[in-house]
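Q: These are the residues of each chain, in order.
2 protein chains.
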Amino acid sequence: MTLFVLDTRLEADTFRIGESALNLLLLMNDSRYPWCILVPKQAGLREIYELSTKDQSTLLIESSLLAKTMMTTFMQEKMNIGALGNVVSQLHIHHVGRRQNDPAWPAPVWGHSQATPYSSDNRKQNVQALSQSSLADHFTF
Amino acid sequence: MTLFVLDTRLEADTFRIGESALNLLLLMNDSRYPWCILVPKQAGLREIYELSTKDQSTLLIESSLLAKTMMTTFMQEKMNIGALGNVVSQLHIHHVGRRQNDPAWPAPVWGHSQATPYSSDNRKQNVQALSQSSLADHFTF
Chain A
0 MTLFVLDTRL EADTFRIGES ALNLLLLMND SRYPWCILVP KQAGLREIYE LSTKDQSTLL
60 IESSLLAKTM MTTFMQEKMN IGALGNVVSQ LHIHHVGRRQ NDPAWPAPVW GHSQATPYSS
120 DNRKQNVQAL SQSSLADHFT F
Chain B
0 MTLFVLDTRL EADTFRIGES ALNLLLLMND SRYPWCILVP KQAGLREIYE LSTKDQSTLL
60 IESSLLAKTM MTTFMQEKMN IGALGNVVSQ LHIHHVGRRQ NDPAWPAPVW GHSQATPYSS
120 DNRKQNVQAL SQSSLADHFT F
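Chains A and B supply the protein sequences, listed in that same order. For the record, in the first sequence the residue sitting at position 11 is 10 according to numbering that gives the first Met the number 0, with numbers rising by one throughout. For the record, in the second sequence the residue sitting at position 111 is 110 according to numbering that gives the first Met the number 0, with numbers rising by one throughout.
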């Protein structure tokens, strides 16, 4: 059995902020959007349908909880949820909060323009907001 | 109760090729990629988490079946699955088969470049392939 290792590009572009039994919860280091990523901790996955039925169900529950929490916590207008993997093939599911006045609107954020890294304070503030939400029922922060 | 009506832009850009109890199954009129869209037939939806837990679960089952079927039927290398809704806010979930030699690779297809409409024969061929797959267990074509 191959051990799960987070893809090096995801490791470089994000902060690990939480973990459930199934998923890593990452925060993309781009302060322009609230942008979280779920990564199932299983080696060799590329597509959602490769997860067991039970794990797909858990992924959906955690994805919907994350999307709803991000929408309300960060007062967003629309969530963009996507599993693409054209650049990083390791299965990972983006959750991006969008507003009509954000830099990429209405285009997708992927590949749109260079990230604006977080200041340490801003990042801590966002992580704290998530860790004090109902996400804490599913994720350890 | 408001009746479900398919968004006019989705209506214009796609063909209705199938239907389950929960979803419409649309084929995007862009012959450059196998590109299907699931639209839950409920008025006023914008986010996946607004569906009931049971309907979310059904959506996932049908999404995974669709993705797996498209991957094998059309011999794709990667599936891109996304719920964006920045332009058309009615909840709809894209399923796009991708190859390294397709026009947009590795960028997302959304907003990349103008569609190449299907010829009638090509469209019928693709719809027939889908209707003869295990999708027929969930969808009426």
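Rather than coming from a laboratory, the hints here were simulated on the basis of the structure. Heads up, the beta-carbon is just placed ideally off N, CA and C, and yes, glycines get one too. Any given hint might turn out to be false.
Computed list of lysine-lysine pairs in BS3-like fashion (alpha-carbon distance at most 30 Å, straight line) [to be verified]:
(1) B/Lys40 / A/Lys53
(2) A/Lys40 / B/Lys40
(3) A/Lys53 / A/Lys67
(4) B/Lys40 / A/Lys67
(5) A/Lys77 / B/Lys40
(6) A/Lys40 / B/Lys77
(7) B/Lys53 / A/Lys77
(8) A/Lys40 / B/Lys53
(9) B/Lys53 / A/Lys67
(10) A/Lys53 / B/Lys123
(11) A/Lys123 / A/Lys40
(12) A/Lys77 / B/Lys67
(13) A/Lys40 / A/Lys67
(14) B/Lys53 / A/Lys123
(15) A/Lys77 / B/Lys77
(16) A/Lys67 / B/Lys123
(17) B/Lys53 / B/Lys40
(18) B/Lys40 / A/Lys123
(19) B/Lys67 / A/Lys40
If you want the footprint, here are the derived chain B segments under chain A, 3+ residues with CB under 8 Å [stated by the list, open to error]:
(20) 1-14
(21) 21-34
(22) 39-51
(23) 97-111
Q: Hint by hint, work out which the structure violates, then give me just those numbers in ascending order.
A: Checked against the structure, the hints that fail are numbers 2, 10, 14, 16, 18, 20 and 21, while the rest are satisfied.
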